[in-house]
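> One letter stands for each residue in the lines below.
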Amino acid sequence: MTDIPLSRPVDVPDRKPGSLLQQDARTKARNAAEKRFRLYGVIAIAISMIALVVLLTTILSAGSGAFRQTYLNIPVTLDAAVLDPKGNRDPAEMAKVLTVSYGRVLDAAVEATVARHNIQIEGLSEDDIDNLISKEASAQVRDRVLADPELIGQTVEFDVLTGGRIDGFFKGRVTMESAARDSNTSPQQLQLAQELANRGEIVTRFNWNFLTNADASDQRPEAAGVGVAILGSLYMMLVVLVLAVPIGVAASIYLEEFAPQNRITDIIEVNISNLAAVPSIVFGILGLAAFINFAGLPQSAPIVGGLVLTLMTLPTIIISTRAALKAVPPSIRDAALGVGASKMQSVFHHVLPLAMPGILTGTIIGLAQALGETAPLLLIGMVAFVRNFPDGLPGGLMDPASALPVQVYNWTQRSDPAFIERASGAIIVLLVFLLCMNVLAIWLRRKFERRW
Amino acid sequence: MYDTSHRVENAVTPKDIKIQARKVQVFYGDKQALKDVDVDILDKTVTAFIGPSGCGKSTFLRCINRMNDTIPIARVEGEILLDGEDVYDRRVDPVQLRAKVGMVFQKPNPFPKSIYDNVAYGPRIHGLARNRAELDDVVEKALRGAALWNEVKDRLSEPGTGLSGGQQQRLCIARAVATSPEVLLMDEPCSALDPIATAQVEELIEELRTRFSVVIVTHSMQQAARVSQKTAFFHLGNLVEYGDTDDIFTKPQDSRTEAYISGRIG
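So the protein sequences, as listed, match chains A and B.
Start counting the first sequence at 230; every next residue gets the next number (our numbering).
Start counting the second sequence at 817; every next residue gets the next number (our numbering).
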């Protein structure tokens, strides 16, 4: 802290009675100090605002591409000879036809489309044409055909995903120069894509699939989505909500209102505060040891993630709930006891409703913290590549799933630059969730706050 | 300010003893706050506890309905008999006791609920009304009893905390009265009020004593003289003198009492 000098040093002669209109040296110095301090404050705020703006613009510009996706519109002739060799439209038989066969059908369709538009490009290879569309496209068509076998033999219009490089080209990530050095694409292919776009065959649309798809392998970033991660995060939040909130609130009410003041409660209090400061990865190790190795729960399951996050969130909820209870004036407790309410009645009828806004805010902040937590989830195996959606509740809690922050971490590890875009997109989704939770916290606070 | 006109002499007639305190000692940790207090509080009488700050008068008041139980380090010895039953007996549930011995606090502390709910809370938790109509009746009686009915009858659903300070304190009195207590304890009920609100509350106390016994702690000797029939003077944890209010203020027996009422200590 700053030293406070004596108001009048001993060796200074008595101040002469001066004019009020003139500031003396001491007043000037004090005013200057205040001005300097205000300036520091403004600078500090400016720096943090700049950091925030830079962060948000970086993420938004990098991630907005994930929400747009290019599609190639092609008529596909679903050749019965290839797709249903037995010709009896038996779903079991048709399921034996793999995506490779569909790939062949699609290759023919793309080549036909290029031929129909009569696009001539020097040095354009057949591979360039076939790789215009994503490897995911054949699975896309296969799913559709298996769902509706009547389509076989007809020519159906499909919007198939374009390849990751083509998609990147329309988003500015891939250029002619980079394509020349890239073994996965070529300038000729990009030129073809441009020609098709000019003719309206390649279109860019809002990418709902990013929100609903599961993760995809390294070769097909264009098909990767955060669907499984969103579901996994939701399941975990559900577990945290169901466990941490009642346990945390009950523990704080007991500690704050009922527990005797003695050494044991002191020790418990200190330990709860310490738990809040334990690094989250430690909770991950604890979860691995306790829930997976000892209790035998499955790896990568939202139930384990939820349990670990519950342990992590409990101290936050307990501390904020106790603060909220402490802030309720004691006169309210006296008033309730004075008319003959029991301790529990005074707490539940009077103290708790008054503490509600604080409790809710603390709880939601705890949940938001849990939603963004990555480290402990890595240790319990939630970083795994999960392609299948978990089941509905409650069985889905035991199925492997991912989580939003872990998905971000996972994608930043991949080599294809298209995954950077996906990772930023997932961060945007995560931020939107957090924003919603904060808005909810503010709204609940307003709703429960009594203005009388 | 010594307005004694409303205190009719014949109102003070021999009454039954409502509360008997015997050798009451209170400790806060190691510190003794109250030493060997013996006092008989009469039914249908206003008893005032006076004395300088920290003399133990509020402590003793809070012993009567066991509000000291909420202070973890407080310890009470001796016995306080309410109608011959020791309130500190192990079998006594303080919750039941507080329904019989109501309390009004120094600072008005209405619940942050409507005026109606404030008054109805006690009857509700004690099951004093079988239906809404009965509850309405109890609330109205209590508010009339606290001389507040005419001011609030049209806005019973408005928050109790929106009333003025004096009204809030009368609302707290109504809340205490609504459970039909046998004793009403008041801990400096007027210290946060202006003179007009104080006069209203004092008038109310005069009315209340026709129905039950009122014990009031006050810093104002004038107030003690105005409202009470019996006065107890506490000093440094001792009950120095207890007697008829007129006697205490006109011919105190103890030199400390005389010093206090003449303004030399306190």
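Because the hints were derived from the structure by calculation, they are not lab data.
Remember, predicted model here, so these are calculated numbers, not experimental data.
Errors might be hidden in some of the hints.
Said to hold, decoys possible - As a list, the in silico DSBU-like pairs of lysine-lysine whose alpha-carbon atoms are at most 35 Å apart:
(1) B:K1067 to B:K839
(2) A:K572 to B:K916
(3) B:K851 to B:K839
(4) B:K957 to B:K923
(5) A:K315 to B:K923
(6) A:K325 to B:K916
(7) B:K1067 to A:K572
(8) B:K860 to A:K555
(9) B:K916 to B:K957
(10) B:K860 to A:K676
(11) B:K929 to A:K676
(12) A:K572 to B:K923
(13) A:K555 to B:K1067
(14) B:K839 to B:K923
> Determine for every hint whether it applies to the structure shown.
The hints, checked one at a time:
1. B:K1067 to B:K839: With Cα atoms ~26 Å apart, K1067 of chain B and K839 of chain B stay inside 35 Å; holds.
2. A:K572 to B:K916: Roughly 17 Å separates the two Cα atoms, so the pair holds.
3. B:K851 to B:K839: Within the cut-off at roughly 8 Å; holds.
4. B:K957 to B:K923: With Cα atoms ~23 Å apart, K957 of chain B and K923 of chain B stay inside 35 Å; holds.
5. A:K315 to B:K923: 91 Å, violated
6. A:K325 to B:K916: 84 Å, violated
7. B:K1067 to A:K572: 45 Å, violated
8. B:K860 to A:K555: 39 Å, violated
9. B:K916 to B:K957: 17 Å, holds
10. B:K860 to A:K676: 46 Å, violated
11. B:K929 to A:K676: 15 Å, holds
12. A:K572 to B:K923: 21 Å, holds
13. A:K555 to B:K1067: With Cα atoms ~48 Å apart, K555 of chain A and K1067 of chain B exceed 35 Å; violated.
14. B:K839 to B:K923: 30 Å, holds
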